[in-house]
Amino acid sequence: MKVRKWLMGVILIAGSFWLQTGHVVQAEGASFSVSPQIPENQRSAVSNYYDLVVKPGTTQNLSLSVTNRTAEVRHVRLSVTDAWSQSNGQVSYSPGAPADDSAEHRLTDLGPAPMTLTLAPKEVKTVTVPLKIPPDGFRGVLLGALYLVDNERSGGEESGGVAIKNRFATVVGVQLQTSTGAINGIVPHLKLLRVGAGVHDNQPSVLATLQNDRPTYWGKMRLKATVTRRDQKTVVMQREAANYAVAPNSHFNFAVTNQKALDPGDYTLNLAVTGPHGHWQFRRNFSILVGEAESINKEVGLKRRFVMPWWGWALIGLALLVVVAACWWVLHRPSKSLLRERREA
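Just so we're aligned: the sequence shown equals residues -27 to -1, 1 to 318 in mature numbering (1 follows the signal peptide of the UniProt record, and there is no 0).
There may be inaccurate statements among the hints.
[As the list claims (entries may be wrong)] Straight-line distance between alpha carbons at most 25 Å, and here's what the computed DSS-like set of lysine-lysine pairs gives:
1) K197 <-> K233
2) K233 <-> K193
3) K271 <-> K233
4) K233 <-> K206
5) K193 <-> K164
6) K105 <-> K28
The hints are simulated quantities; they were obtained by calculation from the structure and are not laboratory data. None of these values were measured; they are calculated from a predicted model.
Please construct the entire structure, taking both the sequences and the accompanying hints into account.
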C-alpha cells in the first residue's frame, strides 16, 4: 500500500522582513505565481511586498495578480495572516498565529475572511483584498501577509513505494504604519511571561516564554540561559542561541534541555537576552512536580535515574547504627562462665 507524503513548498517575500525575492513570486515547479500591484502610498521602493503608510478610518485595497501556470483548473486559497514568533527564532507568516494579549490590533482583524480563487488553465486573475483601517489608527506597525496556497497537490515523484505530492504556498508580506517611521517611535521591550517544564522537539525541556509586548519587531538577538537547582550554583541545563527575531506583539518559547529525563524539584532560570535593540536579564524560580516530570518523561520515552530520597538515606543510616550496636553488644557482652562466677562470689 502506497503512502502519500504531502510536502509544502513555501516562498517568503519579506524584504526588510529578512528576505528578498523578485517581483513575480513563484517556486520552481509551482502551480501558480503571484505579482503584487504596489499602490501609490508604498513607503519604500521595494515592489515585492506591501510597505504602506495608511490613513485611519479608510479602506486600504491590496491588489495582486495570480497566474495559473498549469493546463488544469486550480483552486487557490487566499488568507490574511499575522506575523508571529516561532520557537526556532524565526518570524512566520503562515496561518494559525497564536493570539497575544498585548496586541491592540492585528492585521487579520482588518481583512476579510479567507477566500478561494478558481483559476482556469493559464488564467491570470486580479484579486483585491480590502483592509479596513481603524478610525483611531494604531501605534507602531502591523505586520503580516497575504498567504496563498494551492488546494490541489501536484508533482508526483515516486520512490520506494512512497508517492510524493507537493502543495505550494506563496507569502506576500504586508507592513502597515499610519505615518512614515511610526515604528521608530516604539521602544523594543521583552517580558518573561512564565517558566515551566514541557516538551520541545521531542525532548524534555524547561520552557521560558518570552513576549514582545510592543507593536514593533527586531532581530539579531542572542540568548543565553542556565538552569540550576534552587539556591545552588551547579548548572544542570544550559543553552545559547543567536540571530533570533521577534514579530510585533507576539510570544515564543525558548527551550532549554540537557537531553535527559527531567528530575522533579525546585530550580532557578537565569536568562540573558542581548542585541543591538536592547539588553534584558531575567531570573525566575520555578518547580517541576513529580507527576509533571513523570508525564513528560513518559511522553518522550525517557526514564529518570533513580535518586534516593532523604528519608531513604535516613533509614539506611538508622539500620547501620542498629547493626553496629548489635555487633558491639555481641563482642562486648560478658560470657556465661563470667556471669556464673559473679553469681557464686
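How the hints compare with the structure:
1. K197 <-> K233: Within the cut-off at roughly 19 Å; holds.
2. K233 <-> K193: Violated: K233 and K193 sit about 30 Å apart, past 25 Å.
3. K271 <-> K233: Roughly 12 Å between the alpha carbons, so the hint for K271 and K233 holds.
4. K233 <-> K206: 19 Å, holds
5. K193 <-> K164: 17 Å, holds
6. K105 <-> K28: 10 Å, holds
Going down the numbered hints, you'll see the structure goes against just number 2.
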